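**Q** Residues per chain are reported as follows:
There are 2 protein chains.
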Amino acid sequence: MKTLAIRRPDDFHVHLRNGDMLENVAKFTERHFARALVMPNTMPPIVTAEQIPFYRREIKQAAPNLEPLMTIKLTMRTTPETIEKAMAAGAIAAKMYPEGVTTNSNDAVSSIESLYPVFGCMEYNGMVLCIHGELPEGFVLDREWAFLETLEAIHQRFPALRIVLEHVTTDDAVQTVKRLPPNVAATITVHHLMITLDDVVGGFLQPHHFCKPIPKRDKDLVALVEAATSGNPKFFLGTDSAPHLKENKECGSGCAGVFTAPVALACLAKVFEDEESLDRLEDFTSTFGANFYGLPLNEGQIVLVKHDNDDGYVVDHLAGGVVPFMAGKRLQWWVSQNAIRKEQP
Amino acid sequence: MKTLAIRRPDDFHVHLRNGDMLENVAKFTERHFARALVMPNTMPPIVTAEQIPFYRREIKQAAPNLEPLMTIKLTMRTTPETIEKAMAAGAIAAKMYPEGVTTNSNDAVSSIESLYPVFGCMEYNGMVLCIHGELPEGFVLDREWAFLETLEAIHQRFPALRIVLEHVTTDDAVQTVKRLPPNVAATITVHHLMITLDDVVGGFLQPHHFCKPIPKRDKDLVALVEAATSGNPKFFLGTDSAPHLKENKECGSGCAGVFTAPVALACLAKVFEDEESLDRLEDFTSTFGANFYGLPLNEGQIVLVKHDNDDGYVVDHLAGGVVPFMAGKRLQWWVSQNAIRKEQP
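First to last, the sequence lines map onto chains A and B. Position one of the first sequence corresponds to residue 2 (our numbering), numbered consecutively onward. Position one of the second sequence corresponds to residue 2 (our numbering), numbered consecutively onward.
Chain A with its partners taken away, still in its complex shape (with noise of 0.2 Å):
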């Protein structure tokens, strides 16, 4: 047995949902992350900086020793006067989808241009842009790419702004970030560093590794893992984990998204593993993100346990309601829940 403590990881993408969903999944969160960045397209979405408290309150009530990092949806009727009230309110960064990409994004950003008043005042006051780079149209495995040039144009046009482009799924999407100056980075997701289009298309037809952005070909996976294993601080994890109810995935017209929060820490110990890596996991989980924020690092640690393949853990084949990824499969490596805790302040 094998084991291996990392200080305790943020999660710097991921979706908690509300109501009874925000209930069932926020403890999968909380058990592996301190601090997670929480996406702001609820049903309603978190649009002007009076409902971040009240967001704020129902995760605390759902997970008390998480530590939300909260974040503003922007649309085409967000103005500077938003930004800056939701950074009063405790708002770290602002997040854009192109109109229709993903889930609950009916409302999102239609004419980019038209909010550059909006990015000028993020880069003014320090506020990230997070984006999901992806142009809503087009041909799936071309979306991303299509979309690097409206990065390079928003970098250009506010240099000191911080941008993350978000979960990147290309060789194209790493080399873009890897260019450009560090105040571009990119989070990766756990899913995205394990499976390519194969695994949704390839054999039968898998609704639970069905995301946005859909996974891409061996290359691209091969430039995720390369850049989230070699150290470059321009890539950090943001999982995406984004619960939908089994019967949501698994129906005529399904979900997209994948619910990776259960296993996130103990599948990046594999792939971290495989590229004889581990000694780096800790600044991709746990440092680089918080760097980029200018947040603190976190205190305390979890412990990463390796078992021998026969005792390892079996994912649950659901969680809160929801279909976890890798459920069913035997994980060599897991949390320990002896891990030690910070408590709640």
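Source of the hints: derived by calculation from the structure; they are not laboratory data. Quantities reported herein were computed from a predicted structural model and do not represent experimental measurements. Warning: the hint list may mix true and false statements.
[To be verified] Distance condition first, Cα-Cα at most 27 Å in a straight line; then the derived DSSO-like pairs of lysine-lysine:
no., chain 1, residue 1, chain 2, residue 2
1, A, Lys220, A, Lys330
2, A, Lys179, A, Lys271
3, B, Lys271, B, Lys235
4, B, Lys235, B, Lys179
5, B, Lys247, A, Lys247
6, A, Lys247, B, Lys330
7, A, Lys271, A, Lys235
8, A, Lys220, B, Lys220
9, B, Lys247, A, Lys330
10, B, Lys220, B, Lys179
11, B, Lys179, B, Lys271
12, B, Lys220, B, Lys235
[To be verified] Okay, the calculated bits of chain B under chain A, using three or more residues with CB under 8 Å as the criterion:
no., segment
13, 131 to 145
14, 169 to 178
15, 186 to 199
[Unchecked claim] Residues on chain A that point at chain B, a partial pick, calculated with CB under 10 Å:
no., residue
16, Lys3
17, Tyr125
18, Val141
19, Thr197
20, Val202
21, Glu300
22, Gly301
23, Val324
Glycine included, C-beta positions come from ideal geometry on N, C-alpha and C.
Take the given structure of chain A and dock chain B to it, following the hints.
**A** Same frame as chain A, but now just chain B:
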């Protein structure tokens, strides 16, 4: 209201299954098609001559007005003698599935060269070779393209063998078939003339659009439509209508196949009309395939009727326990229920 009478069509690739499913679905093919080349990947598969009359009888019981064109499945145990006996029992084609590529293909062909004596026998006796033209491994969008060199190798080794590359989905496959002599042809499905990968994973996940080979890009769709509507006798209809119970599509590990039998001709009329090629529909559905197989043309006609948008036919949500292609959608074209039918002999 517009009408179009065409010679009763043939479906040169259909899955009728056996048992209860056969009972449920054969009638949909019988309703519009005079003859159908029935795939042998039943459970158990049709691999010996002895099974053919039994399966033929089962089909005739379920669909007395349908003339089944029988096939045999090639496995690593198929011999030239198997082929000769199968032909004597009425089979007109042998189907090759590379191992593991689709429904019930686990016992399929893992070494194509070892079937060369079988291909030689088929070439000598004039039996058609139908191929599911995908490599079993490699990136899902590349598997058909990667198979094309195998197709060419088989053709070069057996230049007089009649080969049908089934359900082509790529511009590359269309161009390869065009380039080869007239004894190498291709079938095209209805759904591959209408959907791309975007209609599977580009929005919500659409399990009822999930099939093998997976639909590809726009440029491939354009090439397929051009091939089908251009009057090239190398391309003819094989729907690959492949029923799976709703619960085996809308689940955690979904089966591949689109059930187009109930709507195939209605959809084709729209595709051909959009290309201003309605005058070529009959060739695609009722002439080119029969000519390739050396079968007499069917007698009798069916009548396609075009309704105004508002009083078009709405496709059932369920047909024989299966969700059909275009379920719940309103179709402008439909096959008249007063169609002229050839009486059963």
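**Q** Work down the list of hints and note, for each, if the structure agrees.
**A** Hint-by-hint comparison with the structure:
As the CA atoms of Lys220(A) and Lys330(A) are separated by approximately 25 Å, the hinted pair is consistent with the 27 Å bound. Taking the CA atoms of Lys179(A) and Lys271(A), the gap is about 24 Å. The hint holds against a cut of 27 Å. Of the supplied pair hints, the one linking Lys271(B) and Lys235(B) holds, its CA atoms being roughly 21 Å apart against a limit of 27 Å. Among the hinted pairs, Lys235(B) with Lys179(B) is consistent with the structure: their alpha-carbon atoms are about 7 Å apart, no more than 27 Å.
Restraint check for Lys247(B) and Lys247(A): satisfied, since their Cα atoms lie roughly 16 Å apart, inside the 27 Å limit. A C-alpha spacing of about 26 Å is found between Lys247(A) and Lys330(B), which places the hinted pair at or below 27 Å, so the restraint holds. Restraint check for Lys271(A) and Lys235(A): the C-alpha separation of about 21 Å stays at or below 27 Å, so the hint holds. Distance check on the hinted pair: Lys220(A) and Lys220(B) sit about 23 Å apart at the alpha-carbon level, within 27 Å; holds.
Pair hint Lys247(B) plus Lys330(A) holds up; C-alpha atoms about 26 Å apart against a cutoff of 27 Å. Our distance criterion of 27 Å between C-alpha atoms is met by Lys220(B) and Lys179(B), whose separation comes to about 17 Å. Simply put, Lys179(B) and Lys271(B) have alpha-carbon atoms about 24 Å apart, close enough for the 27 Å limit, and the pair holds. In summary, the hint linking Lys220(B) to Lys235(B) is supported, as the alpha carbons are separated by about 20 Å, within the 27 Å threshold.
Under the rule that three or more residues need a Cβ within less than 8 Å of chain A, the assignment of the segment 131 to 145 of chain B holds, with 3 such residues. With 0 residues bearing a CB less than 8 Å from a CB of chain A, the segment 169 to 178 of chain B misses the requirement of three and the coverage assertion fails. Given as covered by chain A, the segment 186 to 199 of chain B passes the check, having 3 residues with a CB less than 8 Å from a CB of that chain where 3 are the minimum. With a cut of 10 Å, the hint placing Lys3(A) at the interface with chain B is violated, because the nearest CB-to-CB distance is about 32 Å.
The beta carbon of Tyr125(A) comes no nearer than 37 Å to any beta carbon in chain B, farther than 10 Å, and the hint placing it at the interface is violated. The beta carbon of Val141(A) is positioned within 10 Å of a beta carbon in chain B (closest approach about 4 Å), and the interface hint is therefore held. Taking 10 Å as the C-beta cut-off, the interface hint given for Thr197(A) holds, the closest approach to chain B being about 7 Å. The beta carbon of Val202(A) comes within 5 Å of a beta carbon in chain B, closer than 10 Å, and the hint placing it at the interface holds.
For Glu300(A), the interface hint is violated, the least distance from its beta-carbon to any beta-carbon of chain B being 40 Å, above 10 Å. The closest approach between the C-beta of Gly301(A) and any C-beta of chain B is roughly 36 Å, which is over the 10 Å cut-off, so the hint fails. Checking Val324(A) against chain B: minimum C-beta separation of about 7 Å stays under 10 Å; hint holds.
Comparing the model with each earlier hint shows violations of hints 14, 16, 17, 21, 22; every other hint is respected.
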